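Produce the entire structure from the sequences given, and follow the hints as far as they go.
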Amino acid sequence: MGLKQNLHSFKEKNKDKKWLPAFSAIHTFLFLPNETTHNGTHIKAADDLKRTMNTVIMAMVPCLIFGMFNAGYQHYLAFGEIQQATGGFLSAQFWTLDNFAVGFWKVIPLVIVSYVVGLAIEILFAIKNNHEVEEGYLVTGMLVPLIVPIDTPLWMLAVAVVFGVVIGKEVFGGTGMNILNPALTIRAFLFFAYPTWMSGDKVWVAGAVERDQMIAAGQNVDAISGETILGSLAQGKSVGYDVMDMFYGLIPGSVGETSTLLILLGALFLIFTKIGSWRIMLSSVVGALVMGLIFNGLVSADVISEGSKFYGLMSTEFWHHLLIGGFAFGTVFMATDPVTASQTNKGKWIYGFLIGFLSIMIRVFNPAYPEGVMLAILLMNVFAPTIDHYVVQGNVKKRMKRVKAKVA
Amino acid sequence: MGLISKKDAKLITDPLADNNPITIQVLGICSALAITAELKASIVMAVSVLFVLGIGNVVISLMRNIIPSKIRIIVQLVVVAALVIIVDQVLKAYAYELSKTLSVFVGLIITNCIIMGRFEAFALANKPWQSFLDGIGNAAGYGLILIIVGFFRELLGSGTLLGFKVLGDPIEKTGLYALGYENNGFMLLSPMALIVVGIIIWIQRSRNKALIED
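The listed protein sequences correspond, in order, to chains A and B. Add 3 to a position in the first sequence, counting from 1, and you land on the number used in this note's numbering. Add 1244 to a position in the second sequence, counting from 1, and you land on the number used in this note's numbering.
Hints in this document: simulated from the structure, not taken from any laboratory. For clarity, every value in this text was computed on a predicted model and none was experimentally measured.
Label-pair ranges, simulated between beta-carbon atoms: (1) Val64/A with Ile1439/B: 31 to 37 Å; (2) Asp1332/B with Tyr314/A: 45 to 51 Å; (3) Ala1339/B with Tyr314/A: 42 to 48 Å; (4) Gln346/A with Gln1333/B: 54 to 60 Å.
For glycine and all other residues, C-beta sits at the position ideal for the given N, C-alpha and C.
So this is what it looks like as structure tokens:
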């Protein structure tokens, strides 16, 4: 008997044990299950839930790797140990082992905490409610480290994950039943609970907070700051990055959200494998552009003067909004979450458009924090079922009319 | 039991748990969300409601046979309003700072659904003594939840209890704060109060399955 068979018979033997869901979760992650469905209707498809999730994770891996390099790059840049990379995306100053090492030791703990805490809760609930562990956390667990600032304390992340998984998902009945995207629920919790760790100019560069503590302790070192582009714009400061830097992602920001290029790559991969909805992504981009154009129009029509506190963000060229902040990442990886998005095709257009539209609007008007993608997606998550309802009702009405016309 | 018969005792104990006005009847939520950021405010609110509901129930019960049923809501409102004004004046006289924290919510005790609910559902149809016990019981059930919510919100949100720094000083970095602990600002916002109440409801119903309604 091979290992596979051994594991299977082990499972058979312990059928009634309480902890079995914990075992099968790991078992089915590594091997295909040995059993097939025996009765009832079932759909034949190559992609089961786990395959779908793995595809999304694969689409995110480039962002993760890039995020590690970028974390190190921003760290050394802020400490003045290297020069700004000039060679574009493939710049030799960027892809160095030093950069990767710094980023790796910063990012991997975030990934581990996210997965260990999240899966522990999933397994706990599975055992308690006597069902199999669902794979829902696989994607969430990877999303979470990518959308938090690099210097987020691990215990805070753990608290937020507990909150997000329990309140955001398990209370609604687990994977597939949640109203809100769990990863964004986790980020929203961090954002409201520990605002000083989620905004400002310290948390985006590894080591900046530590420097501040050293200064507070009386050591003679320079403070460093790494303001995000949105942060600078909101304060009306000039931005020292050119458009290609923004596109490539050589800018401060949450771990995995900076590189629009790699997110675009992930988006194409998701669309190609038919896992992510291109309707949502496209309409969301259109929505953002429309809102950006409206703001640009207001500026050029002199409705907003240079002294206004919104001037910086409103006068940003409309298409730059796609490249900065978390817009691209949120649109591609979180707005398209099939559980929380609209289900109907027409609904997806409306849902996506409003996400883009509101993202830029909140980004400009939010007084506390110059970013709106998270809040826009969460808001639209809540409205997604309503949108679907009206789309379906509209369809029913249309067809009823047709029936009546035929009868008459 | 002497003073209180077994049946009467249930009037007090029922609303504390299995018929709690907040977690089971889901009444009086607004004030539970608004003023529970501090334990002290929760306690004062709980005591105020205890006073208003206890006395109010007795007064309504005494008048139950002479109130014309067409105008009974107005009569009830007058009774609550009179009692609330007393509470408000006492707070302003002896605890001015606190009355500022509670602001309109003392006045809004008038509209607290629990109070009108008990007048309508109980005091109008029962004798003064039972009405008094019912009022005390329901107000205590309400206050209990307020105090539980207030306890967790103040402890986790500000790191204090009744103003005492039980977790250490966040600015001097002593106690827990020396380890890198930080207060959870979300706890001070009303949405978190709703979630805390939700968690209490969840725990209560998973311990007593009979309470789960479809």
